[in-house]
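We have chain A; now place chain B onto it with these hints.
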Amino acid sequence: MTDPANTEQKPVTPVDMITIEVNGLPMQARKGEMLIAVTDAHGLYIPRFCYHKKLTVAANCRMCLVEMEKSPKPVPACATPVADGMKFFTLSPKARAAQRATMEFLLINHPLDCPVCDQGGECELQDLALEAGGDVSRYQERKRIIKDENLGPLVATDMTRCIFCTRCVRFGAEVDGIPELGMLGRGEHSRITTVGRPLSSELSGNIIDLCPVGALTARPSRFRARPWELLAHSVVLPHDALGSNAFAHERRGEIIRVVPRDNEAVNETWLADRDRFSYEGMKSLERLTAPMAYVQGAWREMAWADALELAAAGLRSVVERRGGEALGMLASPRGTVEELLLMRLLADGLGTPHIDHRLGQQDFRNAWANPALSAMTSAIPAWSAMRAVVLAGVNLRHEAPLLTLRLRKAVESGCKVVALAHRDVGYRFALAQQSLGGDLVAELAGVARAMKGKRRIPKHLSALLTAGKSTETQSMCAELLGEKDAGLLLGGVAQMSPLWCDIHALAQQIAVWSGAQLLCLPQAGNSVGARLMGVLPDAVRGKPWTDMDPKGYLLLEVAPEDTLDAPLLQERLRQADCVVMLGAFRSAALAARPAAAEAVRVLLPVAASLENEGTYVNMAGTWQATRAGGVPPGEARPAWKVLRVLGNQLGFDGFSWNTVAELTRAARERLETSGQDAAAGNLPQEPAGAAPAKGTKIDDGQGIADGGLRQVFEPAACQTDALMRHAPSLQATIHARNDSVVRIHPESARLHGIMASAEVEVRQGGRAVQVWLELDDGVAPGVVVAAWPGPVATALGRSQQRIELLALSHEALVP
Amino acid sequence: MSENQPSTLPHEVIEAIEKRLPNYPENQKQSAVLYALHAAQHAQGGYLTKELMDGVALFLGMAPVAVYEVASFYSMLSTAPVGRHSISVCTNISCMLRGGEALLEALEQHLGIRAGQSTPDGRIYLKLEEECLAACCGAPMMMVDHVYHENLTPQQACAIVDGLE
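Chains A and B supply the protein sequences, listed in that same order.
FYI, the numbering for the first sequence is 1 to 815, going by this note's numbering.
FYI, the numbering for the second sequence is 816 to 980, going by this note's numbering.
Don't read these hints as lab results, they were simulated from the structure.
Be aware that a few hints might be false.
[Unchecked claim] Listed next, the in silico BS3-like pairs over lysine-lysine satisfying Cα-Cα at most 27 Å (straight line):
1) A:Lys147 to B:Lys865
2) B:Lys942 to B:Lys865
3) B:Lys942 to A:Lys147
4) B:Lys844 to A:Lys409
[Said to hold, decoys possible] So the derived label-pair ranges between C-beta atoms look like this:
5) B:Cys947 to A:Gly482: 37 to 45 Å
6) B:Leu943 to A:Gly32: 17 to 25 Å
7) A:Phe223 to B:His857: 24 to 32 Å
8) B:Leu943 to A:Asn150: 23 to 31 Å
Ideal Cβ placement from N, Cα and C applies to all residues, glycine included.
Only chain A is shown next, with the shape it has when bound in the complex (with noise of 0.2 Å):
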């Protein structure tokens, strides 16, 4: 650092900045930068096929040759990095010369189908034919044609369009860290294949649009609309707590694509699989299209003024009759900040503490254990500067798949990355280390152990850091943890533990003693705006989902299999006098039978995320304003505007909001006044000492010791909300199939006498479920991993808990 007296001395620009001139006109640059990168900064745009900001320079298509001052030859503008007084011409006859012998060579073995193909409209190659192509083919003989791949049902190929780029191999082996695709065979007969295998990447749609010709386009919406005919909405996916940017395609109505949209601080210029491909859902035939309820012994549709009304009165009968403390809430934390804040007020103004939208959790000693509270100030570039993370209790891959690429960028850059896991992931970079215990307590109690030096153990803690000697791999978290920009991220493994509580409270300890950053990664895109809204029991009378056992239910996107105990809250719903849902689809859950006959029914069309307009806060603590990408079917209708006239009907005062943008700035407001607001770094803090009540011991990782096995729910690839679970396209993809199954590891199923992958019971006390077995030796000794939301969690419910296993048929029994 420089004295700040001196730099006032010393000119503007710093030492390597430089001037180049590109065709007349100075330009700032750096030495050394790429003269496309200049050129691009500056608005100026020089052709090119090959060369992408995010990937490594190939300069093989040779499209951006641009004329230097003396050079003979004209330069690739993406391989020619400037100095000082570099003088180029991307104009002159030389280099349109250039780049039209260029296009000539490209366009030999293209077939020219323009008409017929998805990318016409929008194809780079189709633009710069028309800027710098002939009008007049000299090429006379016959042109090469390369067989189509298989590869799967997101990216469809016509390889012959293919003209070498290779940005979909650098993709693949630069940025998502594992090569998929390569480009074998040489000259002419090059072609890019996988050969024969489909793509396993989560991220493989990021190819479609890399592709600079209609090679790779989407399947799912091939040939369904021209580029001309979309109108762009800016939306935000909720899928994942990073909040993805996209673009929603629209042409009349219907959302025909999902596009990423650039946002250095979130999604760079990537989007996860299901972040693309989840709009396939809304046009579900499942979908809520008119406003239902339960009547006499049957479903039937009725008109909006009918159903409020109704769903009005069977609130409003069940406070009075019982109390409001009769009444629970739930709300998706996929709901925008708009309708959490409505859910909030409604409770109020019914008078129930019991509000929840913790779906995933299942362990509430600490109510200060909420990952919202250290993910808000958790930026999400700053993960790609680590040094050092240790990674508990997460399957990144299926809980941000994005953040795994900044982890990959951190670990290319040197830093050391240790899993502390129930199952091998199968991350695409190298872990410098990998422990597959299974029980976290345990792992991360070894780690506080190993750094605790001298220091006095708190007195919360003392049940959970007895003596007792650190592994190797634990000791190694703890000096890591120690270094600079060290960070230890908790997931949804951990978070859906009965004992999450107790996990929650050892990392915090290891975060202060250690100084690394703790990132307990919410579980979804708007479980930061959820609990901003108060979207949270009552902290004294209030009881969490878990526990509430009301009479009446007021639902907001929330199905059974959306918590992390469905029997239990079926069974509830079944109960309940009152159930007012609302849903964008149909649940066969909320469709059955009440207990009691005269008991209400009501569900209430809404908008899908795409269709709805609100705010979602990040993992960052980011809002990030979503647009309406497309139109709810029939009757649905926001789920903002719902809960609005919900509220009139049942004689709420201040319930006079008419816009979204009012209901935002309610919201800012009721933060500014709570004094709540991460960007101003005054987040409530936990009160020191406040010790996890002692709760019951669960039966956790004794499992292991005698022989026994447990159940663990892990994140699930492409299950993750109900608008992922309807997206046919997804739901066909071998992620989908893998949240299906689940795993052992082969030596804990041969000790429960099965020998080979079988179709399987699991039964959990009173609650069975048959399901494939599939052995895995990635998995922890002794633990079954099963996908939340997925069938077989949908089945069992709560994570960790004691199994039995059954083979079904005799292969099972044979190895």
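Okay, now just chain B, sitting in the frame of chain A:
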């Protein structure tokens, strides 16, 4: 999961690669890929199977597709069964101007196969589109099992091929 399986490479191939590995930096094992593929091809009947290439990939810590790229790029490496004798007829610019294409066509007709194919008796393998073999002064030319034959006429070329066992 193929990543967890032991290498499928034959013992002698692994030995040959291991002997070569010290030539390269520890963290750049993949530099040995050409040598490894060569050794694998040599040990297993003159061509590379998918299993062999996957074995090399696993052994050197590379993605399988990266190994396929190398194997399919170099004309010394074959990914399908080929004949005993390998014939490469140069059709690059100097040879083309001096009748290299006619030479190749004559051989194709004489042997009854197209470039890139092997004779049914497994005797001759006619390589596909061989690039310049750096014998322009003796164009047109062909290479038979690493031996150069230069200034050829179609008749001479056929006679040479007929003389092979």
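Each hint tested on the structure:
1. A:Lys147 to B:Lys865: The given pair, whose Cα atoms are some 20 Å apart, holds under the 27 Å limit.
2. B:Lys942 to B:Lys865: 20 Å, holds
3. B:Lys942 to A:Lys147: 22 Å, holds
4. B:Lys844 to A:Lys409: 21 Å, holds
5. B:Cys947 to A:Gly482: 37 to 45 Å: This hint is violated: roughly 59 Å between Cβ atoms.
6. B:Leu943 to A:Gly32: 17 to 25 Å: 42 Å, violated
7. A:Phe223 to B:His857: 24 to 32 Å: With Cβ atoms ~50 Å apart, the hint is violated.
8. B:Leu943 to A:Asn150: 23 to 31 Å: 26 Å, holds
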